[in-house]
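S.K.: Modelling step: build the complete structure from the supplied sequences, incorporating the hints.
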Amino acid sequence: MEPVNQIDGRAIPFGRKNVDTDVIIPSKWLKTITRQGLGRGAFEVLRADPDNIFDSAEFSGSPILIAGDNYGCGSSREHAAWAMLDLGIRVVIAPSFSDIHSGNAVKNGILPVVLPQEAVDRLLEVAREGLEISVNLEQQTVTTPYQDRFTFELDPFRRHCLLNGLDEVGLTMA
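The numbering of the sequence shown is this note's numbering, which starts it at 1 and goes up by one.
Rather than coming from a laboratory, the hints here were simulated on the basis of the structure.
Backbone N, C-alpha and C define an ideal beta-carbon position, used for all residues, glycine too.
A few of these clues could be false.
[What the hints assert, rightly or not] Simulated pairs of lysine-lysine, DSSO-like, Cα-Cα distance not exceeding 30 Å:
#1 Lys107 x Lys17
#2 Lys17 x Lys31
#3 Lys107 x Lys31
#4 Lys28 x Lys17
#5 Lys28 x Lys107
[Unchecked claim] Restraint-style ranges between C-beta atoms, simulated for each label pair:
#6 Asn136 x Asp55: 14 to 20 Å
#7 Arg40 x Asp148: 31 to 37 Å
#8 Asn52 x Asn108: 21 to 27 Å
M.R.: Written out as structure tokens, the structure reads:
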């Protein structure tokens with residue numbers, strides 16, 4: 001797993017609430033045990049719309065996703081984290097996450113950032129303008145070119161694992 005510390009880039013201004021793991025990766029993609037290629041199935045139902053934000057050239061390769069409340073609810077499929085990572089997403093910012101999805105994200109090198117709704121709304125505005133957002137795990141901050149600065153908390157164990165690129169196997173080996 002790659003260490004996570006500083007992630008800079010455009011953010012996908014998704015903003016949708018109650019996105020369950022069935023939306024993140026439909027069940028037909030669960031037949032594989034490999035992580036490669038799952039990005040093609042990420043948000044497949046939403047990507048059927050030709051005007052979807054995930055296939056927009058403006059947000060192609062964006063490493064940050066800004067979502068709504070209760071992101072990753074539903075089933076406990078780890079494939080959802082694999083699909084987001086294969087799509088290039090390294091950070092998800094939302095007001096809240098499903099506990100299981102948040103854990104799966106961290107185990108796979110994705111940083112779940114919990115911020116108040118007002119901060120998420122501000123970041124959605126900045127993202128829609130196409131400006132870069134910076135997320136620093138060591139300092140636990142999210143900043144914008146407008147000098148917005150939001151601090152977040154992360155469990156110290158999860159923070160340690162992400163900063164050092166340690167998944168479950170890496171922890172065992174250490």
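S.K.: Is 14 to 20 Å a correct range for the gap between the Cβ atoms of Asn136 and Asp55?
M.R.: Given a distance of about 29 Å, which is not inside 14 to 20 Å, the answer is violated.
S.K.: Between the alpha carbons of Lys28 and Lys17, is the straight-line distance 30 Å or under?
M.R.: Answer holds: Lys28 to Lys17 is near 23 Å, not above 30 Å.
S.K.: Compare the distance between the alpha carbons of Lys107 and Lys31 with 30 Å, and conclude whether the hinted pair is satisfied.
M.R.: holds, 20 Å
S.K.: Is it true that the CA of Lys17 sits at most 30 Å from the CA of Lys31?
M.R.: holds, 27 Å
S.K.: Quick one, are Lys28 and Lys107 close enough, alpha carbons at most 30 Å?
M.R.: holds, 23 Å
S.K.: Quick check: does the Cβ-Cβ distance between Arg40 and Asp148 fall within 31 to 37 Å?
M.R.: holds, 34 Å
S.K.: Within 30 Å, alpha carbon to alpha carbon, are Lys107 and Lys17?
M.R.: holds, 23 Å
S.K.: Using the Cβ atoms, figure out if Asn52 sits within 21 to 27 Å of Asn108.
M.R.: holds, 24 Å
Hint 6 from the list above is the single one not met by this structure.
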